[in-house]
Amino acid sequence: MSDEKLAYAIQHDGWGELVLSRPARRNALIGPMVVKLREALASLLAQNSRVILLRGDGGSFCSGLDVDAFNTTPPQPWVKDFQDNWMNFHLDLYRCPATIVCALERHAINGGASMALGSDLLIAGQGAFLMVGEAAQGAPAPMNLAWLKLRASETMIAQLMLSARRFHGPELHRLGLALDVVPDVDVLSHAQKLSETLAKFPGSGLVSTKYAMRLLGPAGDGEDWFRRAKEKPANVGDWTPQRQRVGST
Amino acid sequence: MSDEKLAYAIQHDGWGELVLSRPARRNALIGPMVVKLREALASLLAQNSRVILLRGDGGSFCSGLDVDAFNTTPPQPWVKDFQDNWMNFHLDLYRCPATIVCALERHAINGGASMALGSDLLIAGQGAFLMVGEAAQGAPAPMNLAWLKLRASETMIAQLMLSARRFHGPELHRLGLALDVVPDVDVLSHAQKLSETLAKFPGSGLVSTKYAMRLLGPAGDGEDWFRRAKEKPANVGDWTPQRQRVGST
Amino acid sequence: MSDEKLAYAIQHDGWGELVLSRPARRNALIGPMVVKLREALASLLAQNSRVILLRGDGGSFCSGLDVDAFNTTPPQPWVKDFQDNWMNFHLDLYRCPATIVCALERHAINGGASMALGSDLLIAGQGAFLMVGEAAQGAPAPMNLAWLKLRASETMIAQLMLSARRFHGPELHRLGLALDVVPDVDVLSHAQKLSETLAKFPGSGLVSTKYAMRLLGPAGDGEDWFRRAKEKPANVGDWTPQRQRVGST
Numbered sequence: 001m002s003d004e005k006l007a008y009a010i011q012h013d014g015w016g017e018l019v020l021s022r023p024a025r026r027n028a029l030i031g032p033m034v035v036k037l038r039e040a041l042a043s044l045l046a047q048n049s050r051v052i053l054l055r056g057d058g059g060s061f062c063s064g065l066d067v068d069a070f071n072t073t074p075p076q077p078w079v080k081d082f083q084d085n086w087m088n089f090h091l092d093l094y095r096c097p098a099t100i101v102c103a104l105e106r107h108a109i110n111g112g113a114s115m116a117l118g119s120d121l122l123i124a125g126q127g128a129f130l131m132v133g134e135a136a137q138g139a140p141a142p143m144n145l146a147w148l149k150l151r152a153s154e155t156m157i158a159q160l161m162l163s164a165r166r167f168h169g170p171e172l173h174r175l176g177l178a179l180d181v182v183p184d185v186d187v188l189s190h191a192q193k194l195s196e197t198l199a200k201f202p203g204s205g206l207v208s209t210k211y212a213m214r215l216l217g218p219a220g221d222g223e224d225w226f227r228r229a230k231e232k233p234a235n236v237g238d239w240t241p242q243r244q245r246v247g248s249t
Numbered sequence: 001m002s003d004e005k006l007a008y009a010i011q012h013d014g015w016g017e018l019v020l021s022r023p024a025r026r027n028a029l030i031g032p033m034v035v036k037l038r039e040a041l042a043s044l045l046a047q048n049s050r051v052i053l054l055r056g057d058g059g060s061f062c063s064g065l066d067v068d069a070f071n072t073t074p075p076q077p078w079v080k081d082f083q084d085n086w087m088n089f090h091l092d093l094y095r096c097p098a099t100i101v102c103a104l105e106r107h108a109i110n111g112g113a114s115m116a117l118g119s120d121l122l123i124a125g126q127g128a129f130l131m132v133g134e135a136a137q138g139a140p141a142p143m144n145l146a147w148l149k150l151r152a153s154e155t156m157i158a159q160l161m162l163s164a165r166r167f168h169g170p171e172l173h174r175l176g177l178a179l180d181v182v183p184d185v186d187v188l189s190h191a192q193k194l195s196e197t198l199a200k201f202p203g204s205g206l207v208s209t210k211y212a213m214r215l216l217g218p219a220g221d222g223e224d225w226f227r228r229a230k231e232k233p234a235n236v237g238d239w240t241p242q243r244q245r246v247g248s249t
Numbered sequence: 001m002s003d004e005k006l007a008y009a010i011q012h013d014g015w016g017e018l019v020l021s022r023p024a025r026r027n028a029l030i031g032p033m034v035v036k037l038r039e040a041l042a043s044l045l046a047q048n049s050r051v052i053l054l055r056g057d058g059g060s061f062c063s064g065l066d067v068d069a070f071n072t073t074p075p076q077p078w079v080k081d082f083q084d085n086w087m088n089f090h091l092d093l094y095r096c097p098a099t100i101v102c103a104l105e106r107h108a109i110n111g112g113a114s115m116a117l118g119s120d121l122l123i124a125g126q127g128a129f130l131m132v133g134e135a136a137q138g139a140p141a142p143m144n145l146a147w148l149k150l151r152a153s154e155t156m157i158a159q160l161m162l163s164a165r166r167f168h169g170p171e172l173h174r175l176g177l178a179l180d181v182v183p184d185v186d187v188l189s190h191a192q193k194l195s196e197t198l199a200k201f202p203g204s205g206l207v208s209t210k211y212a213m214r215l216l217g218p219a220g221d222g223e224d225w226f227r228r229a230k231e232k233p234a235n236v237g238d239w240t241p242q243r244q245r246v247g248s249t
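Residue numbers (the numbering used here), protein chains in the order written: chain A, 1 to 249; chain B, 1 to 249; chain C, 1 to 249.
Hints should not be assumed to be uniformly reliable.
A pair counts as met if it fits within one copy or between any two copies, since identical chains are not told apart.
Straight-line C-alpha distance at most 25 Å; calculated DSS-like pairs for lysine-lysine [unchecked claim]: (1) Lys-232 - Lys-36; (2) Lys-230 - Lys-200; (3) Lys-36 - Lys-200; (4) Lys-232 - Lys-5; (5) Lys-80 - Lys-36; (6) Lys-193 - Lys-80; (7) Lys-200 - Lys-232; (8) Lys-230 - Lys-80.
For the record, the hints were derived by calculation from the structure and aren't laboratory data. Predicted model only: the values in this text are computed from it and were never measured.
Using the sequences plus the hints, can you model the full thing?
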């Protein structure tokens, strides 16, 4: 695992790529990777990226939390801070002044789905799928819920989260969650071209739009919104990540 | 009318069916039926149903208020309390911790539509339709409005409620209001199978999702939300249910 | 320009048409036209129009602000008050008790799009398009944003406004933004027939629905909502309308 990049940034002219990079694990998430994602996003913004392309290395977007890594004995040192760290990355995305494009190759599962749903413009492969599968594992999915409630509707929460199903590209398009659905081999190039096009827009239209979009509510600075999405009924105990099946298409 | 069941519950392993049962009237609503619906829902929840399948007996979901029964001379004793009773049933649905699946067979008209729209996951027949037809009769439709504003968007309120049209299964699917559209003869079995599948999900994912979904607003405990949905402009008088045409496909 | 009607009202039985009329400029917006639109809308409401059909003369709906007219030397006297005037017209639409139907012929661009998105029921031609293209010109689009945030969702803001693309009739239908998509030659007659049908609905169903729809929030009397939609990040300067390309299909 030591030679994995985990995550990195590629700066282009006015836009940048934010890349999940654990391809051997289909970019499954671990604590140090989220730290690197936050750093890479900050570096892109510091270099004035107006558009951020969020994508995964190796042909998949993200297969969710790496449950094996969460369940070692003894536990990895980053496990105890993971939930805070993870929410802070979502707050970074929520507050990001740049337009976020997501290239959904192959799959966006659970935690991976939440990053796709937190992006502004989703490009999905025809055979790719998004799955908020936590409910089928008995788990909550607060970041997915926070984004769907903010950006879509309760009907979308119900359909994606309570059914825990796979929603493939064409379904995401029908539901208005994906901007474009393209052949699987074209997802990345299509998303890159879109990002480049948007980065060439003059002036401040994109940033002003995102600013006012969030200003009109209901999530304010995001802190309370994302935190409350984690609340649970009084009779429900804490949940710990456990082994999950990583889907394949 | 005396041998009608009105409504009843069927408890399964971890899930239950909440059944409207006035099949000779296509499950048109009357006061005592709403009382029974509330009792049956409470009994299912008391037996730990994690998923509730809401459906009608006899091949139709619900044809709305039974206008004949609302207009007898003298009036039936339950008429005066109906509006409060009806809103309280919607508050029960709003606060229901279980996932609610609705089997939309044949039609869900007016009051029937409001129960379908208040459900989490709607399964519709290809030839079935949902119609919020009150506006065409000069009437408000506060429960439909409350649900659409909470769960969908103003565009959906406008399209469903101001046009007063029939929206068939495929249209409900396009609009993201129905999870699945299936052949008419398969609606019930499909909805039952889905309910059974969801009831087998371990742990508390479903209940936590519904909890946080509602916690994030905007309707709070629902009381004020559903009550305000009934408010009308100062120059508009009260409305009394009158004879309506029950559509057929 | 002196013999242009700019805008006018046609009163029918219970409904009326609100017509943009600068056909030689594809109904591009100038200050005096917005003044006339406000007057014509008020006159229709004063004559008890329950349904308003918003449309353009000459086969196009509206091509946005008339940038040439905004950039004369010396500036036209109405330029300095335009933004207030324009927002006030949107407040009129927001507060309009009548149901607003919009006939989207040929195109609804930028400012034109905001009127289409502020209407309750949108009828679009198969080859017609709606484009919120301001971001591609470096400009904000606060009225479009205010309506999409109020009536649709953040996903719609992102897709329509950040991509700055043309969305043709069938796409507007898929996204739930258009009620009907019809052949281009039928848009006007279809929208007129719909308006006439709705105007015949008895009683107060339509007006009560719109009243409660807006009462449930989040925009209150609209004043603060539309004003805040114009706010921008601290580091972004003012924007002045400049020459834009008017699309054609």
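So, going through the hints one by one against the coordinates:
1. Taking the shortest alpha-carbon separations for Lys-232 and Lys-36, neither the intra-copy value of 29 Å nor the inter-copy value of 30 Å comes in at or below 25 Å.
2. For the identical chains of this complex, Lys-230 and Lys-200 are inter-copy neighbours only, at 23 Å across copies versus 38 Å inside a copy, given an alpha-carbon limit of 25 Å.
3. For the identical chains of this complex, Lys-36 and Lys-200 are neighbours neither inside a copy (27 Å) nor across copies (37 Å), given an alpha-carbon limit of 25 Å.
4. For the homomeric pair Lys-232 and Lys-5, neither the shortest alpha-carbon distance inside one copy (35 Å) nor that between copies (37 Å) is at most 25 Å.
5. Within a single copy, Lys-80 and Lys-36 get their C-alpha atoms as close as 17 Å, which meets the 25 Å cut-off; across copies the closest is 49 Å, which misses it.
6. Taking identical chains as interchangeable, the C-alpha atoms of Lys-193 and Lys-80 are never at most 25 Å apart, the minima being 39 Å within one chain and 39 Å between chains.
7. When the C-alpha separation of Lys-200 and Lys-232 is checked against a cutoff of 25 Å, the pair qualifies only between copies, where the shortest distance is 20 Å, while the shortest distance within a copy is 44 Å.
8. Within a single copy, Lys-230 and Lys-80 get their C-alpha atoms as close as 16 Å, which meets the 25 Å cut-off; across copies the closest is 42 Å, which misses it.
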